[in-house]
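Use these hints to put chain U onto chain P, whose structure you have.
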Amino acid sequence: MSQVIYSDIELLEGLAAGHRDAVTALYRSYHPVLVRWMLSRGGMEADAEDVFQEALLVLYEKAQQAEFCLTCKLSTYLFAVSKRLWYKKLAQKGPLLSPMDEEQEEGAYYGGTQPEDDLEEHWERELQFEQLEQSLEQLGAPCAALLKAFYVEKKSMQEIAAAFQYTNAENAKTQKYKCLSRLKKIFFARTPGLKLK
Amino acid sequence: MLIRTVGLINFLTMITENNISDWAERYIDHQLNSDEGHMLDMALQHDAALKASFEASVDLIRMLRSSGEQQAMRQMMAEVATDRKAWAAEYEKTPRQLSFRKYLRTGAVAAGLVMLSSLATYFAMNKGSQNSNNQQYTLLRRELESIKHSQSKIIDSLSKDKEPQDQHPARFGGTGFALTNDGYVATNFHVVKDANNIFVQTNDGETYSAYIIARDPAADVAILKVEDKHFRFSKSALPYAIAKSTSGLGQRVFSLGYPQEDPVYNEGYISSENGYNGDIQSYQLEITANPGQSGAPILDKNGTVIAVITGKQSNTAGTTYAVHALALHNLIRTLPPENTIRLSENNRLSRLDRTEQVKKLRDFVCAVKVN
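Protein chains in written order, with the working numbering: chain P, 1 to 197; chain U, 1 to 371.
Everything labelled a hint here was simulated from the structure, so no lab data went into it. Glycine is no exception: its CB is placed at the ideal position from the N, C-alpha and C atoms.
Dumping the calculated DMTMM-like pairs for lysine to aspartate or glutamate here, alpha-carbon to alpha-carbon at most 25 Å:
no. : chain 1 : residue 1 : chain 2 : residue 2
1   : U       : K85       : P       : D50
2   : P       : K154      : U       : E55
3   : P       : K185      : U       : E17
Negatives, chain P to chain U, calculated, CB over 12 Å:
no. : residue
4   : S7
5   : E13
6   : C69
7   : T76
8   : Q114
9   : L119
10  : A141
11  : I160
12  : N168
Footprint (simulated), chain U over chain P, 3 or more residues, beta carbon under 8 Å:
no. : region
13  : 20 to 32
14  : 55 to 61
15  : 128 to 136
16  : 143 to 157
17  : 175 to 186
Chain U extracted, bound-state conformation:
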């Protein structure tokens, strides 16, 4: 009994500011036996400063440890994230895959037949003399000429767009894409700037009258509304979402636009995060764009609209500029309540392959014609 008391006193004198962190450590790790626990309690009760110091030590040691654990966890999660094959196997597989083997035999027979018939056609055609070949060649050239013709016409009319008295329904044009199925369309401001009449021509060739409901000249975006109240782009819902955040360098992108009567597909990548002269509102892209593609949507590989084509650099081939889709969100927010646009909440394109994506997209991209 006596010895024990002496021991106790010895220990009591030992708990000081100098070794308090050792006590704190052992306290956290539950290494104090009941006697020691009792001693610690006593010591802290009698000395408020020591108590504060003890508590601070406990907090600090716990925090040091948990911060280390958290860093290890972050590290591990980053590793798992990059180790995609461990967890992403199923959902990265293409959704529909024909089992090739199953159809190999049928396919081979079919291919053989096709080859035979095409060879037969080839010989038949050749027998018919050189003339027919020449004709095809000229036809092709004439078509090229007519394309050239129409393009120079667009450029022509662009240069003197101050004369409104033109009978022709479309003096120049760009591209637009649906923001909603019921006729809100995004395009470039410069496409519709001096317009008397605006027409929207959809994928099925129908033309509808439209008017401007919002514009942002600085960002070069505008929102149009088709006049017809019963207008719908498609029977199905809008398949894409509009990005609320920006994409990084190197992101693969594609676009659908109307440089001619039929929609034209292009693909490329983000070559710089800033646009012309370092414009932070737009991207610089490496993608082909021709007159008429102003206002065309730029989509990333998941089919999210990330930007809108606005222009290209004149002295290089593929350098194109596109304003961030954020500009559209900002513009939508300025709309009066009666025109509020509720954007699509669904992206139906993310798991499809490209041709399927474009097929779904086609209905929602339109030519914008202006006179």
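Bound-form chain P, shown alone:
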């Protein structure tokens, strides 16, 4: 069984590009460690799975930002994020379960990358995605499907026109504009004063 060993940089780039190999490699290297840690802290395997996926997602989001620069080892960063995610989960379950204070901060040297800030950013983003999802729901199925087909599935206007039974691509495009401006109204009415990066 020969397995490619990736460097931290390669893993980050692979993750940012959404490569399955990179995700598998990250699982192979760090999942067992996290599971063991979680089990020792009274967590279940299912908790570990949740925490790990969430932490990878944070890393994925950061890796996509051009200005993101990992100043510590990938493992250190991933573990720091996972730890905070688990503590937050515990805190949600009940104030009595949060860990002893000394455990919270053990040497927070991550250089330029602050897991704490990155997590805040992540949660804010999650909130926005949720708002977006609700806005799309409010927008109605035909419009939401059209926008998703174009922006998410990246289908061409010709394909969309065929799939949604518009007479031609130009028509579909007009429809798309209308949908987007309606979505804009709904979304920004929901989230007044929203500041995006």
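This is chain U only, laid out in the frame that chain P set:
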């Protein structure tokens, strides 16, 4: 030059609220040439409302895209997570595996010898006449009788536990397990409720005096402390962690308890996430439990303590109830500072097979005897 200016003006008039999202899209995708970029700048500079609309479009399109990408990523991670053989191969292998082939020849010879000798014994025994066989049979029955006897005695004493003047050191008992190596023990509240004296009998047969330091009658858990300051369950550290979260339906579990003088192992599964009458603080388990097993730890396959046995349903065979380990955490938090318990941070059982797990666990499970 002239033509170009005309073109510019035409384009300027074209940037409106109606097509702003198209411009936004091309701006994000870096599809605007320098002239167009310049035009866009001009148009936005002169019209604040248009600028706001443009920015909103940019934000929204970016968010639509990244939300889609994030969903795809989640999906892919979930796929990788279930595709365990792609990444979990090494660590799921049992830690120690004898290479069977290597020992095949020696093993075969040894097995042959054993068989030969046992056959020889069998014939020798049989020759000795039927009598010896009968004796073994009676012996077995007598032992059964004595077990029955002691069990009914426990039940007996349970029914009249209000009389404290008994000379016998243990009138009834349950099971407990270590929270720390230095003598904090978790058990059921109902085991120690009306106790005059509490004794903890460890795996090596030694008996120690203990007292209650915390109780939660509602959850039916109590924490005891062994009086002896030098007491240690074992030379090694506590091998298990206490769960801070709950386990799901179908989780395989096992338990070690003292329904008799020796520890008894049982295994089963979580059959319902809620306990008796829908009690959300406990699980319903399908696992054998006998009198004396109250207070026994329930561990999951990784060797994490997830619950404490509290009782069973009387009209069915294996239906047992166990309170969540969370109740222990909650109780520990109520302890005064001088009694603070620092729970084990290590689970040394997760990668062992079952017999190894139980072997390590034995030292930390004790009988709790009360009079």
